[in-house]
Amino acid sequence: MFVTEWNSSALVKAATKAGKKKNALTPMTFSLLHATDFADRLLYNIVPPLKAGMIVLADRYAYTAFARDAARGVDRRWVRELYSFAVQPDMAVYFRVPIEVSVDRLLARRVKLKFYEAGLDMGWSSNAIESFRMFQGKVLDEYDRLVEEFGLSVVNATGSITDQQRTFRKLVSQHLEIEDDDDQLDEQLG
Amino acid sequence: MTTTSSTSSLADGGGARPGSYYGNGIPYLPIDGYPGKIIAIEGTDGVGRSTQISLLREWLEVQGYGVIETGWTRSELMKPTIELAKASNTLNKLTFVLLYATDFADRLEKEIIPALKAGFIVLSDRYIFTALARAGVRGVDRTWMRSLYGFAIAPHQVFYLKIDEKTLIRRVLQSRGMDYWESGMDMKLGDDIYESFRAYQRSLLREYASMADEFGFRVLDARRKVDVIQDELRRQIGAFLAESEAPPARPEDLRVV
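In order, the protein sequences belong to chains A and B.
When we follow numbering that gives the first Met the number 0, the leftmost residue of the first sequence carries the number 0, and every step to the right adds one.
When we follow numbering that gives the first Met the number 0, the leftmost residue of the second sequence carries the number 0, and every step to the right adds one.
The hints are simulated quantities; they were obtained by calculation from the structure and are not laboratory data.
Do not take every clue at face value.
Covered by chain A, according to a simulated footprint, are these stretches of chain B (three or more residues, beta-carbon under 8 Å) [unchecked claim]: (1) 18-25; (2) 68-80; (3) 143-153; (4) 170-182.
Every residue gets a Cβ at the ideal spot worked out from N, C-alpha and C, and that includes glycine.
Input sequences plus hints: build the corresponding full structure.
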């Protein structure tokens with residue numbers, strides 16, 4: 000098993016960081032930098048474990064780019080074509096929450112919303128929470144399109160972690176055709 | 000992942016109108032009717048692009064044109080990363096291509112489009128054709144590359160300074176010598192830098208040649224003297240600018256040929 004995270008390659012870290020710090024990224028450069036990060040991880044972190052027969056757990060995949068970039072006004076078809084070098088995942092799971100739950104969770108978690116996460120680069124509202132609501136609302140709309148277009152499996156992420164994990168494991172077990180062990184989950188999560 | 004065939008690319012190359020996007024472009028940046036012009040000077044290393052561009056700039060400015068220059072990998076955002084990545088040798092052909100595309104997008108949005116809007120002439124030292132050629136030699140999918148650069152704007156004129164392999168080698172050796180990337184050493188064609196350089200530059204020349212028709216290159220012989228090439232550039236650019244500034248033809252001026 001191997002875990003890979005969105006936006007974690009060393010290659011573009013400096014540019015992404017500098018660009019974010021100066022708020023200098025445009026929707027296009029934001030999109031291309033993340034695609035570069037993805038390409039780097041694909042070749043170094045995703046393809047080799049796949050070749051070795053391992054399971055790669057990807058925390059976010061190209062769909063994140065499809066949703067966010069389109070919400071920023073980048074051409075939908077262009078982003079999809081951009082990522083056509085990506086390996087089609089065997090299974091893609093979308094954890095869905097309504098926008099209000101998402102806002103509440105973020106506010107509970109930390110004081111300040113991040114500039115790009117809140118879509119403040121779009122200039123729709125100078126109020127970070129309001130901007131977040133507008134921007135992430137569009138992102139969620141894009142995800143709804145993706146569910147249909149790419150057949151993503153949906154997990155209702157408003158429930159408790161245990162409930163979500165139970166559904167998630169069921170989906171994965173079905174896919175991998177392995178036994179789903181509910182007792183083990185209860186043990187792990189209490 | 001699956002790709003849908005579409006018109007959002009520059010797959011039909013020269014089909015795009017100069018000054019418009021090759022493909023669907025950048026939806027949040029409409030550029031229709033912008034008065035500026037893009038003039039691109041393309042060619043491999045050692046053909047004298049920068050000399051020609053600085054001479055052109057002076058000539059245009061004396062005539063009262065606003066001019067900006069833009070060049071490959073010069074974006075504020077990406078320059079340090081590209082330099083670092085080249086030095087650390089961790090690039091593969093895909094990330095190589097994507098870093099260049101990010102650099103181009105940054106310059107397009109921050110330099111080229113604002114200049115076009117303000118009616119400037121953009122002199123571009125290399126354009127997307129350099130990216131297409133380098134990726135082509137490295138075996139990156141052509142259709143994908145053309146789709147990637149669907150956000151680029153078709154230049155009003157593209158001059159290709161053409162050189163032969165022998166002259167190219169002599170010029171590069173006389174100036175700064177062969178470096179790792181210009182020699183295509185990443186392609187592992189062999190350990191001998193001279194042989195690798197030759198093979199790599201030969202394939203590049205082939206790539207450029209194959210694009211000449213597709214994108215309507217104006218081909219100039221780069222082996223001629225600097226001032227002879229400059230005269231030719233000025234003649235063609237001057238004619239184009241005069242034509243685009245002429246008042247629209249009146250119906251009585253139109254004659255049936």
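These are the hints, each one checked on the structure:
no., hint, result
1, 18-25, "holds (count 4)"
2, 68-80, "holds (count 5)"
3, 143-153, "holds (count 5)"
4, 170-182, "violated (count 0)"
The structure fails hint 4 only (numbered hints given earlier).
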